[in-house]
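Colleague: Could you put together the complete structure from these sequences and hints?
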Amino acid sequence: MTLTLDELASFLASAGMPCEIDGDKTVTISSVATLEDAGEGQLSFLSNPKYAKELQTTAASAVLVRPDVIVDRPLNLLRTPDPYAAVTAVMVKLHGYRRHPRWGLSSLAQISATAVIGENANIAPGVYIDDEVQIGKNATIYPGVYIARRCRIGDDVTLFPNVVIYDECVLGNRVTIHAGSVIGEDGLGYAPVGEKWIKIPQIGNVVLGDDVEIGANCTIDRATLGSTLIGSGTKFSNLVAIGHGTKIGEDCMFVAQVGVAGSVHVGRHVTMAGQAGIVGHIVIGDNVTIGAKAGVTNSVDAGATVLGQPAVPIQECKRQVAIMQKLPDLKNEIRRLRRELDRLKRDIDAKQQ
Amino acid sequence: MTLTLDELASFLASAGMPCEIDGDKTVTISSVATLEDAGEGQLSFLSNPKYAKELQTTAASAVLVRPDVIVDRPLNLLRTPDPYAAVTAVMVKLHGYRRHPRWGLSSLAQISATAVIGENANIAPGVYIDDEVQIGKNATIYPGVYIARRCRIGDDVTLFPNVVIYDECVLGNRVTIHAGSVIGEDGLGYAPVGEKWIKIPQIGNVVLGDDVEIGANCTIDRATLGSTLIGSGTKFSNLVAIGHGTKIGEDCMFVAQVGVAGSVHVGRHVTMAGQAGIVGHIVIGDNVTIGAKAGVTNSVDAGATVLGQPAVPIQECKRQVAIMQKLPDLKNEIRRLRRELDRLKRDIDAKQQ
Amino acid sequence: MTLTLDELASFLASAGMPCEIDGDKTVTISSVATLEDAGEGQLSFLSNPKYAKELQTTAASAVLVRPDVIVDRPLNLLRTPDPYAAVTAVMVKLHGYRRHPRWGLSSLAQISATAVIGENANIAPGVYIDDEVQIGKNATIYPGVYIARRCRIGDDVTLFPNVVIYDECVLGNRVTIHAGSVIGEDGLGYAPVGEKWIKIPQIGNVVLGDDVEIGANCTIDRATLGSTLIGSGTKFSNLVAIGHGTKIGEDCMFVAQVGVAGSVHVGRHVTMAGQAGIVGHIVIGDNVTIGAKAGVTNSVDAGATVLGQPAVPIQECKRQVAIMQKLPDLKNEIRRLRRELDRLKRDIDAKQQ
Chain A
618 MTLTLDELAS FLASAGMPCE IDGDKTVTIS SVATLEDAGE GQLSFLSNPK
668 YAKELQTTAA SAVLVRPDVI VDRPLNLLRT PDPYAAVTAV MVKLHGYRRH
718 PRWGLSSLAQ ISATAVIGEN ANIAPGVYID DEVQIGKNAT IYPGVYIARR
768 CRIGDDVTLF PNVVIYDECV LGNRVTIHAG SVIGEDGLGY APVGEKWIKI
818 PQIGNVVLGD DVEIGANCTI DRATLGSTLI GSGTKFSNLV AIGHGTKIGE
868 DCMFVAQVGV AGSVHVGRHV TMAGQAGIVG HIVIGDNVTI GAKAGVTNSV
918 DAGATVLGQP AVPIQECKRQ VAIMQKLPDL KNEIRRLRRE LDRLKRDIDA
968 KQQ
Chain B
618 MTLTLDELAS FLASAGMPCE IDGDKTVTIS SVATLEDAGE GQLSFLSNPK
668 YAKELQTTAA SAVLVRPDVI VDRPLNLLRT PDPYAAVTAV MVKLHGYRRH
718 PRWGLSSLAQ ISATAVIGEN ANIAPGVYID DEVQIGKNAT IYPGVYIARR
768 CRIGDDVTLF PNVVIYDECV LGNRVTIHAG SVIGEDGLGY APVGEKWIKI
818 PQIGNVVLGD DVEIGANCTI DRATLGSTLI GSGTKFSNLV AIGHGTKIGE
868 DCMFVAQVGV AGSVHVGRHV TMAGQAGIVG HIVIGDNVTI GAKAGVTNSV
918 DAGATVLGQP AVPIQECKRQ VAIMQKLPDL KNEIRRLRRE LDRLKRDIDA
968 KQQ
Chain C
618 MTLTLDELAS FLASAGMPCE IDGDKTVTIS SVATLEDAGE GQLSFLSNPK
668 YAKELQTTAA SAVLVRPDVI VDRPLNLLRT PDPYAAVTAV MVKLHGYRRH
718 PRWGLSSLAQ ISATAVIGEN ANIAPGVYID DEVQIGKNAT IYPGVYIARR
768 CRIGDDVTLF PNVVIYDECV LGNRVTIHAG SVIGEDGLGY APVGEKWIKI
818 PQIGNVVLGD DVEIGANCTI DRATLGSTLI GSGTKFSNLV AIGHGTKIGE
868 DCMFVAQVGV AGSVHVGRHV TMAGQAGIVG HIVIGDNVTI GAKAGVTNSV
918 DAGATVLGQP AVPIQECKRQ VAIMQKLPDL KNEIRRLRRE LDRLKRDIDA
968 KQQ
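Chains as they are written, first to last, in the numbering used here: chain A, 618 to 970; chain B, 618 to 970; chain C, 618 to 970.
Hints were generated in silico from the structure; no laboratory data involved.
Don't take each hint at face value.
No copy labels: a pair is met if it fits in one copy or bridges any two.
[Unchecked claim] Simulated crosslink set (SDA-like; lysine to any residue; CA at most 25 Å straight-line):
id, residue 1, residue 2
1, K935, T922
2, K943, P927
3, K667, A921
4, K935, P945
5, K943, N915
6, K948, N693
7, K816, D773
8, K813, P635
What you are looking at is a predicted structure, and each value in this text was computed from that prediction instead of being measured.
Modeller: As structure tokens, then:
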């Protein structure tokens, strides 16, 4: 699709993002790129001021910027209060989302006679769907996906290659799971008998709400009893591990390599940054933010931001780090105090004699 | 299977877990659930006192509790010293373990003519078994599994979908590997030549002992020379990484996202909590416990519990954390000491003049 | 292949690694093993002095050692300045690298009619290659690999089982990707609208340079716009996560479970040890070394070595750790200072009255 700057401005206004054109309204835009990469026919944007100097060199045909940005060279600008939101809308408009291959119901997929597949399914060669699985409308299932028996899967679901869903798991509508992720494997459930570990049957499942998106190579344990839950609208990056029986609220955002142990309750709209880890059996309140690499060992109140290992409120963590850096100074001051005090005592003693 | 409470009590007694019925012996039980989820016909249990208040509201038909638990409402109880061990036994009795699909030797599996497959094998469509592989009796191999040449695999092994076993690896009896795990990939073996990295052939293998269970999306490097070993009875959770040439003892338990570098010797019955990391070429003694997120940089004596980054004995780590929290106080005290000492010196000077 | 010690010495000399034989020149060597494992007909080596005592017990037919090593038992030695480099060369000579199965172009692979596959391709059953993919000469592609449309793949590439390459990604020559790794999945790109997350189309790709080797179960996000880049000669271990739009230089070495967030610029010949994490939008200079488990929150200058969480230069990190261990002593000294100062003040007051 190709639009003039004028048409793009109208589109953005209609999407609730009014903007002002500063330059040639007739220039045509057919795609979006970064300031560094953009060329003829491409729209770029400046959101993070760190990249402002690239306005001097970009070859973009036009750039989305905030109203107050000053550019002292000829450059077509679209001024709007939130350039990032605007560029997102333009990307969806011009590029759309990924178009999947069309397989229909491939004759090279293994689909159980007892599975029920909704209309308009797009199921690739090399997919395996076991007995009594139910899948809603418009499913896109890539090669190498395995869906074990009695799973129930909603409408408009996309499963990328080599995703594995163990038996009896439930996926809501519009769930997307990226390649290689595993949903519903057994958790680490063993009873110790002497020094041996006796396996406890893991008879629960995993339930993913609507609009959940899971990154690549994640692992979500089934519950021992009951369900491991991932709330609607929650998004995971890659290599995330969720323990058995954990329940995660709606609209959370977990960055890569986050690990949450079993039986944790996570509220809604919680953000966990990369490589954060949460011990088992605690409660993380709504709207909590957990910093990168934080090791959370105690429950966290709603709205808090925690950081460090063990994780503490962010102000406390910053104070600890600041004081750590001053420790050599403190140590020297203690040494000076000792020296001065000893000298003073000696002086007083000397006078008294 | 459905049993009365009386029959369940007899079963538990016969399994070495005597218990006392407090309530209606004739109530029937057909499955197990958590206190929160349980309903009519279900047995639940109270092991962690944290959940005691749920005894007030559970709809379970009966609950396994310790002998001294007091419940002030009508509720059928089975009193036994270890309710968790008892519920595990009941789960195995009522539910059994996962029943696998029955494929026999699927005609859609690719099995080399030189592979030797034991009796009663259950090999799914889309499995690939290369030349000279040996597999024992009763194997269950799910779709998408790849077993490279000359692997030797014991009896009663279960490989979940998309597991990959590189050439010449050895799996003991009753090994279970969950979906997406990779056994025997090349480790990070390169010789530096200037700033380039020259690959060293990785000609060793991986050997998994009997009764090993590996979680989903783990990676176990083959040894450069010799074998990477995982001792019998050892259990891994998901996303665990083991480096080349590392040898891990029997009956260990590694939680999700643990990473052990190469050439490490880990003793028997070692527990590593989530996201722990172990540097290369060190020795971890028997019965060691390594805390969540610990960064272990030195060998650890048998029986020790270590924590922190760098990891230190747990008492020391706790002392460090406690003192960290007091640092602002200490800093203030140093400032007060300075002030008082300076004043004292001024006073003395003043008097001497 | 079998060679005498004399022939091996000639081979090493011709490879620029002259060595001196100390023992029987006619002994024959057909493979390489560790000191512990080696037996009749095997060459071993001593590089790390930690293992010197194994010279007393090894059953190797000959051992590569440094010129100054003293062995007081009969043992055939090859003395050379760099035994590790020498054993690497011998391993390549005797064992070569892994020989792959020969599939040719399997009739059980799904290859789009619009894909262009170079000569001498070796493509296994169960591979899926989508529309308009281009693959160079001598490709080896194992079962379960999925290559999405319009990917461009160079010569002499090896993709182990179940690797997934999303659409439009580019792989250079001699790239090797181990089992289960995913290249080009969508990154965590969402625009917040209230508490909901609106997906931003991820229209960039991933570009891997020549001679890149990626371990098992890694994940490399495609860029939102433009490319995520991995420079030529760079090597990753397993379970490494790279965020969207990150650019990594040539000849880097990343150990298992490293995580790099999005929009990071990493220079050339950078080493990241296991479980290190790098926040987004920073710059890591050339030849930087990042310690195991380091949490890097700020840009790092070329040539630096950083460690800790938050990461600081290694000297500073060591000083912090050392001082942490002395904190109990410092605390006691502060208490003593307080006591002595108070006593001194009381004494002075007493005398004044």
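Colleague: What hint numbers does the structure not satisfy?
Modeller: 6
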